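**Q** If you read the sequences in order, they're chains A and B. Be aware that the first sequence starts at 1, since it is given in our numbering, and climbs by one per residue. Be aware that the second sequence starts at 1, since it is given in our numbering, and climbs by one per residue.
Worth flagging that the hints you see were computed from the coordinates, not collected in a lab. A hint or two may mislead.
In silico SDA-like links for lysine to any residue, alpha-carbon gap of 25 Å or less [to be verified]:
| id | chain 1 | residue 1 | chain 2 | residue 2 |
| --- | --- | --- | --- | --- |
| 1 | A | K4 | B | V136 |
| 2 | A | K85 | B | D117 |
| 3 | B | K103 | A | D101 |
| 4 | A | K86 | B | T24 |
| 5 | A | K95 | B | K63 |
| 6 | A | K85 | B | S105 |
| 7 | A | K114 | A | K86 |
| 8 | A | K41 | A | N54 |
| 9 | A | K114 | A | Y97 |
| 10 | A | K72 | B | G106 |
| 11 | A | K114 | B | L102 |
| 12 | B | K103 | A | Q9 |
| 13 | A | K4 | B | D17 |
| 14 | B | K103 | A | K111 |
| 15 | A | K95 | B | K85 |
| 16 | A | K86 | A | V110 |
| 17 | B | K131 | B | L9 |
| 18 | A | K41 | A | K72 |
| 19 | B | K131 | B | A67 |
| 20 | A | K95 | B | L96 |
| 21 | A | K4 | A | R32 |
| 22 | B | K63 | B | G33 |
| 23 | B | K22 | B | G33 |
| 24 | A | K114 | A | K4 |
| 25 | A | K85 | B | K63 |
| 26 | A | K86 | B | G33 |
| 27 | B | K85 | B | G33 |
| 28 | A | K111 | A | I93 |
| 29 | B | K103 | A | D11 |
| 30 | A | K44 | A | I93 |
| 31 | A | K114 | A | G20 |
| 32 | A | K95 | B | T28 |
| 33 | A | K86 | B | V119 |
| 34 | A | K114 | A | V29 |
| 35 | B | K131 | A | I93 |
| 36 | A | K44 | B | K131 |
| 37 | B | K131 | A | G76 |
| 38 | A | K41 | A | K86 |
| 39 | B | K103 | A | Y97 |
| 40 | B | K85 | B | R25 |
The structure presented is a predicted model; accordingly, all values stated were derived computationally and were not measured.
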Amino acid sequence: MSMKLSTRQVDGVTIVDCSGRITLGEGSVTLRDTVRDLLSKGNKKIILNLGEVNYIDSSGIGELVSAFTTTKNQGGELKLLNLTKKVHDLLQITKLYTVFDVKDDEAAAVKGFK
Amino acid sequence: MEQTVSYTLDSTLETVDHAEEKATRIATELGFGEDEVLQISMAVREGAVNAVLHGNQYAPDKKVILAFERTPEDDLVITIRDQGKGIDLSGIPNPLAPENLLKTSGRGIFLMRSFMDVVEIRPSQTGTEVKLIKHVHGPSVGNKEGSQ
């Protein structure tokens, strides 16, 4: 299953609902383009909802890091929401879990933006 | 599966997906548990990515050779060979070092080492060979994060 993304606005925050696989190729490019498009339009409060992401490889991890740093460098903030166990475990072993702002409650994540 | 199966694959992104699918199928057939099947398939995917991108650099005249061997001890030995110039192992930084945490690449070999019991990487001028071994009744891999 390839990756699918859809975006919605909640109280000034853009939530990107992701599903499928974030892997080298189409999945990574789709995520990169979406985040860059949001930032270029001034949407700098971003939540990546990964609740339906069932697979991620090292390229996908790299895309998450890229999305995080690109957003931060442009004065924005990016949070991760609803990690599946597979993605959670991967972020743990790569020591990225504490780098990202990870949430499991959407309303709290939205309220948590500065 | 038979004792050994081998595939010669093009240097394309499709090869990466095919390698992952074959690993999933074979590991499942050999009776590995769900978590181990995922670990094996992810390790093979990372190995295939390295072979296609960094080894063969998508060259249409270069192939990736992927082999699965079931040893008499029922271990699974997977070999991924490319036809590139040979990877420079000294140039691979530790992705867990604080200064590297926010790098967008460089985690493939680390993940392979995290997920498999043995990872051997043999670069040469005619390509790189990666051997991945998973013991059938191997130890838990949950605490191997410092194994790079």
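**Q** Against each hint, give a clear statement of whether it holds in the structure.
**A** Here is what the structure says about each hint:
no., hint, result
1, K4(A) / V136(B), "violated, 36 Å"
2, K85(A) / D117(B), "holds, 22 Å"
3, K103(B) / D101(A), "holds, 17 Å"
4, K86(A) / T24(B), "holds, 16 Å"
5, K95(A) / K63(B), "violated, 34 Å"
6, K85(A) / S105(B), "holds, 22 Å"
7, K114(A) / K86(A), "violated, 29 Å"
8, K41(A) / N54(A), "violated, 29 Å"
9, K114(A) / Y97(A), "holds, 21 Å"
10, K72(A) / G106(B), "holds, 21 Å"
11, K114(A) / L102(B), "holds, 22 Å"
12, K103(B) / Q9(A), "violated, 29 Å"
13, K4(A) / D17(B), "holds, 18 Å"
14, K103(B) / K111(A), "violated, 29 Å"
15, K95(A) / K85(B), "violated, 31 Å"
16, K86(A) / V110(A), "holds, 24 Å"
17, K131(B) / L9(B), "holds, 17 Å"
18, K41(A) / K72(A), "holds, 15 Å"
19, K131(B) / A67(B), "holds, 9 Å"
20, K95(A) / L96(B), "holds, 7 Å"
21, K4(A) / R32(A), "holds, 13 Å"
22, K63(B) / G33(B), "violated, 31 Å"
23, K22(B) / G33(B), "holds, 16 Å"
24, K114(A) / K4(A), "violated, 28 Å"
25, K85(A) / K63(B), "violated, 35 Å"
26, K86(A) / G33(B), "holds, 15 Å"
27, K85(B) / G33(B), "violated, 36 Å"
28, K111(A) / I93(A), "violated, 29 Å"
29, K103(B) / D11(A), "violated, 32 Å"
30, K44(A) / I93(A), "violated, 28 Å"
31, K114(A) / G20(A), "violated, 30 Å"
32, K95(A) / T28(B), "violated, 29 Å"
33, K86(A) / V119(B), "holds, 22 Å"
34, K114(A) / V29(A), "violated, 28 Å"
35, K131(B) / I93(A), "holds, 22 Å"
36, K44(A) / K131(B), "violated, 44 Å"
37, K131(B) / G76(A), "violated, 43 Å"
38, K41(A) / K86(A), "violated, 32 Å"
39, K103(B) / Y97(A), "holds, 14 Å"
40, K85(B) / R25(B), "violated, 31 Å"
Comparing the model with each earlier hint shows violations of hints 1, 5, 7, 8, 12, 14, 15, 22, 24, 25, 27, 28, 29, 30, 31, 32, 34, 36, 37, 38 and 40; every other hint is respected.
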